[in-house]
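A.B. asks: Listed below, chain by chain, are the residues.
2 protein chains.
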Amino acid sequence: MKNPLSSDFTIGFLGAGQLARMSAVQAFRYGMQVAVFSDRPEDEPVQFMTPHSYSGSFDDVDSMMEFAKSCDVITLENEFIDSEVLRELRDRSGTPIFPSPESFALIENKRIEKQTFEEAGIPVTPYALIRDQEGLKTFGETHGWPYLLKSSKGGYDGYGNETVQNREEALAAFEKLGGNIGHDILAEAFVDFTHELAVQVARNETGHVVYPCCETVQKNHICVAVKTPAPVPSDVREKAQQLALKATEAIDGKGIFAYEFFLTTGGDVLLNESAPRPHNSGHYSIEGCTTSQFENHIRAVCGLPPGNPSLIKPAAVMINLLGTHKRAAVIENAEEAIAEPGGHLHSYGKLQSKPGRKMAHYTLLGEQLEATYNKAIRLTKQIEI
Amino acid sequence: MKNPLSSDFTIGFLGAGQLARMSAVQAFRYGMQVAVFSDRPEDEPVQFMTPHSYSGSFDDVDSMMEFAKSCDVITLENEFIDSEVLRELRDRSGTPIFPSPESFALIENKRIEKQTFEEAGIPVTPYALIRDQEGLKTFGETHGWPYLLKSSKGGYDGYGNETVQNREEALAAFEKLGGNIGHDILAEAFVDFTHELAVQVARNETGHVVYPCCETVQKNHICVAVKTPAPVPSDVREKAQQLALKATEAIDGKGIFAYEFFLTTGGDVLLNESAPRPHNSGHYSIEGCTTSQFENHIRAVCGLPPGNPSLIKPAAVMINLLGTHKRAAVIENAEEAIAEPGGHLHSYGKLQSKPGRKMAHYTLLGEQLEATYNKAIRLTKQIEI
Chain A
81 MKNPLSSDFT
91 IGFLGAGQLA
101 RMSAVQAFRY
111 GMQVAVFSDR
121 PEDEPVQFMT
131 PHSYSGSFDD
141 VDSMMEFAKS
151 CDVITLENEF
161 IDSEVLRELR
171 DRSGTPIFPS
181 PESFALIENK
191 RIEKQTFEEA
201 GIPVTPYALI
211 RDQEGLKTFG
221 ETHGWPYLLK
231 SSKGGYDGYG
241 NETVQNREEA
251 LAAFEKLGGN
261 IGHDILAEAF
271 VDFTHELAVQ
281 VARNETGHVV
291 YPCCETVQKN
301 HICVAVKTPA
311 PVPSDVREKA
321 QQLALKATEA
331 IDGKGIFAYE
341 FFLTTGGDVL
351 LNESAPRPHN
361 SGHYSIEGCT
371 TSQFENHIRA
381 VCGLPPGNPS
391 LIKPAAVMIN
401 LLGTHKRAAV
411 IENAEEAIAE
421 PGGHLHSYGK
431 LQSKPGRKMA
441 HYTLLGEQLE
451 ATYNKAIRLT
461 KQIEI
Chain B
81 MKNPLSSDFT
91 IGFLGAGQLA
101 RMSAVQAFRY
111 GMQVAVFSDR
121 PEDEPVQFMT
131 PHSYSGSFDD
141 VDSMMEFAKS
151 CDVITLENEF
161 IDSEVLRELR
171 DRSGTPIFPS
181 PESFALIENK
191 RIEKQTFEEA
201 GIPVTPYALI
211 RDQEGLKTFG
221 ETHGWPYLLK
231 SSKGGYDGYG
241 NETVQNREEA
251 LAAFEKLGGN
261 IGHDILAEAF
271 VDFTHELAVQ
281 VARNETGHVV
291 YPCCETVQKN
301 HICVAVKTPA
311 PVPSDVREKA
321 QQLALKATEA
331 IDGKGIFAYE
341 FFLTTGGDVL
351 LNESAPRPHN
361 SGHYSIEGCT
371 TSQFENHIRA
381 VCGLPPGNPS
391 LIKPAAVMIN
401 LLGTHKRAAV
411 IENAEEAIAE
421 PGGHLHSYGK
431 LQSKPGRKMA
441 HYTLLGEQLE
451 ATYNKAIRLT
461 KQIEI
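Quick mapping for you: the protein sequence lines, in order, are chains A and B.
Whatever position you read off the first sequence (first residue = 1), add 80 for this note's numbering.
Whatever position you read off the second sequence (first residue = 1), add 80 for this note's numbering.
For reference, chain A alone in the conformation it holds in the complex:
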């Protein structure tokens, strides 16, 4: 690969949302050019950031070839493109893709992902592939009701997940998720947990770094806040960090990766989900860490040494600012949050808001975690978007 610090070096993003946008900002910082391919023709966050914008279908290698050939390296902001498509795109265009299609192949399907990590000795939540009505019943009898049904591919922020209380609900959800038409459906036992944790890892051929273990605060399966470091014993945080690194090694990951864990009531750390990309749980790192997850995303896929992920203050809190109205996007009542020393607002440049849509986030650094969290909540609660 060409020296990524050549000024005509172009990094391409498959996907044009906020994760790519925040990564692209870091690419600019290194003097790079940014190209973007989206499945929407216009008005996506990254499309406003470059003259090099392409669109088409993520399923169609042909439609991505012109984009791919214009790039020196390609990366992704989601995990919904088939690894076979990525492999063909890479091989036909000659442009490297990181994380690699081979890494993607090990995690793109939730069943294969669980197997990959189990084989590496990483504890995962109890699960089974469900093929039919009998399987739905057996899983409930073995692991108890309620449990979760998930599409093996394409789940995101709770979409593609169904909680089922009994056999009737299980059957309805199985059909809703497409189990009856051949989609792989996974059952997952509910785990009694005290905290949901997350860890990011940046890794490439030059080395790796592991971010602090944070707590993700979820409402309705959507992350609403992140507290770093997670308010759990330090040995639990270290355990999650070790597992996150092990998981990244298991898929020979080159890039930035995020792992979500349950800390069970019994004190176990179980891997829940992985993401081969920057992750909402790591947004705090933009100001909170010496090197952000986005900068390390760029560094890792370009072969530059990953940078120090240490916290620069004892506490970092990130609040997701979700849309509150269906309207043209505008952030209102944010003056106090912006004026707060140590407070940082990031808006994603989405033109349209709607209730629950991830529109922006707010990071507050401080000396003490709960006080910082409470202040961040207070400063952001009146914000409307």
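Don't take each hint at face value.
For identical chains, the list gives no copy identity; a pair is met inside one copy or between any two copies.
[Claimed, not checked] No more than 25 angstroms apart at the CA atoms, straight line, and that leaves these computed lysine-lysine pairs for DSS-like: (1) Lys434 with Lys82; (2) Lys438 with Lys82; (3) Lys82 with Lys461; (4) Lys406 with Lys82; (5) Lys82 with Lys256; (6) Lys461 with Lys217; (7) Lys406 with Lys438; (8) Lys461 with Lys406; (9) Lys233 with Lys461; (10) Lys455 with Lys393; (11) Lys217 with Lys438.
The set of hints was computed from the structure by calculation and includes no laboratory data.
Based on these hints, arrange chain B on the given structure of chain A.
C.D. replies: Okay, now just chain B, sitting in the frame of chain A:
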């Protein structure tokens, strides 16, 4: 002005170089759209960052009108556009320009600038407007040889400045700078100084913040490094900060402003130059301060409250990485600098390098200023561009 946190809010930059580029990155962070107008048709740093790119002449209001009308607010990265042109552009397009044309009018000409600041009670270096051969002689006899001759407009990084040792050199320089064809030429006495200092101020109708006082290390009139806080007594730093704020108030500045001072051998702080824009002396603030000069540039011109300018570590050092070769730009031998914890590389995306051209910079944060400076020098000295 429209709420700047509307996602279709467009900030326009007159000028497309590294100062606009680093400011534009911050505009993206607030979800804004970026438009740029350059006097070069392509390949300027900001032109790679937006689909909204315009070019033409900075002297021709007509050629800037389409750009201006596409923006909600316009700002600048240099001080070379005539304030009358800016005023006409603003009045005809209806788009606000900050810093305002009225502020520009008070500083665009070095003679008027000196008068403005003198009238505000700010000590400046001894100077005189030179009209003829007699004036050249009188200035030398009054203030001693050598002294400096400067174009009243358009000087930058030592260009447009001439050091003259005697009457013959003075006359040659006067003609070289265009004094004989009516250009305003200023003579400035050499000041015996121990340090060159700089301070940034962000100011708008909501308030102001003053950055720490830093030392600029110059070679051949080009800034090669910046040390923050300046290694001078704290009362000297405070004096420079007070004068910088006073100067910003004197021109009713809205935006980010930088001021360069001499600390004389006698202990006086004299204002040397001002810049109504982000400044090389403030690049350290990207990682060194809670809120960078570029973020406060965006905040100030958009009417958002300026953010906390405090240092986040006791010492911040910035090294300018100048071109070392005439070639397509590529940064080589930077691995060690990038891998250093607390070290941050920024490249400006210029396609062509040449010896002495400002291509990139490197910031290193640390606990102790001289040790940090020495380490930064060591880490960057082998870099070639």
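A.B. asks: Decide, hint by hint, whether the structure agrees.
C.D. replies: Status of each hint after checking the structure:
With identical chains, the CA atoms of lysine 434 and lysine 82 are at most 25 angstroms apart between copies only, with a shortest distance of 20 angstroms across copies and 42 angstroms within one. For the identical chains of this complex, lysine 438 and lysine 82 are inter-copy neighbours only, at 22 angstroms across copies versus 35 angstroms inside a copy, given an alpha-carbon limit of 25 angstroms. Proximity of lysine 82 to lysine 461 under the C-alpha cut-off of 25 angstroms is restricted to the inter-copy arrangement: shortest distance 23 angstroms between copies versus 47 angstroms within a copy. In this homomeric assembly, lysine 406 and lysine 82 come within 25 angstroms of each other (Cα to Cα) only across copies, at 19 angstroms, whereas the closest approach inside a single copy is 45 angstroms.
For the identical chains of this complex, lysine 82 and lysine 256 are neighbours neither inside a copy (47 angstroms) nor across copies (45 angstroms), given an alpha-carbon limit of 25 angstroms. In this assembly of identical chains, the alpha carbons of lysine 461 and lysine 217 never lie at most 25 angstroms apart, being 43 angstroms within a copy and 68 angstroms across copies at closest. For the identical chains of this complex, lysine 406 and lysine 438 are intra-copy neighbours only, at 13 angstroms inside a copy versus 46 angstroms across copies, given an alpha-carbon limit of 25 angstroms. Taking identical chains as interchangeable, the C-alpha atoms of lysine 461 and lysine 406 lie at most 25 angstroms apart only when both belong to the same chain, with a minimum of 18 angstroms there against 54 angstroms between chains.
Proximity of lysine 233 to lysine 461 under the C-alpha cut-off of 25 angstroms is found in neither arrangement, the shortest distances being 34 angstroms within a copy and 50 angstroms between copies. Taking identical chains as interchangeable, the C-alpha atoms of lysine 455 and lysine 393 lie at most 25 angstroms apart whether they share a chain (16 angstroms) or sit on different chains (23 angstroms). Proximity of lysine 217 to lysine 438 under the C-alpha cut-off of 25 angstroms is found in neither arrangement, the shortest distances being 36 angstroms within a copy and 68 angstroms between copies.
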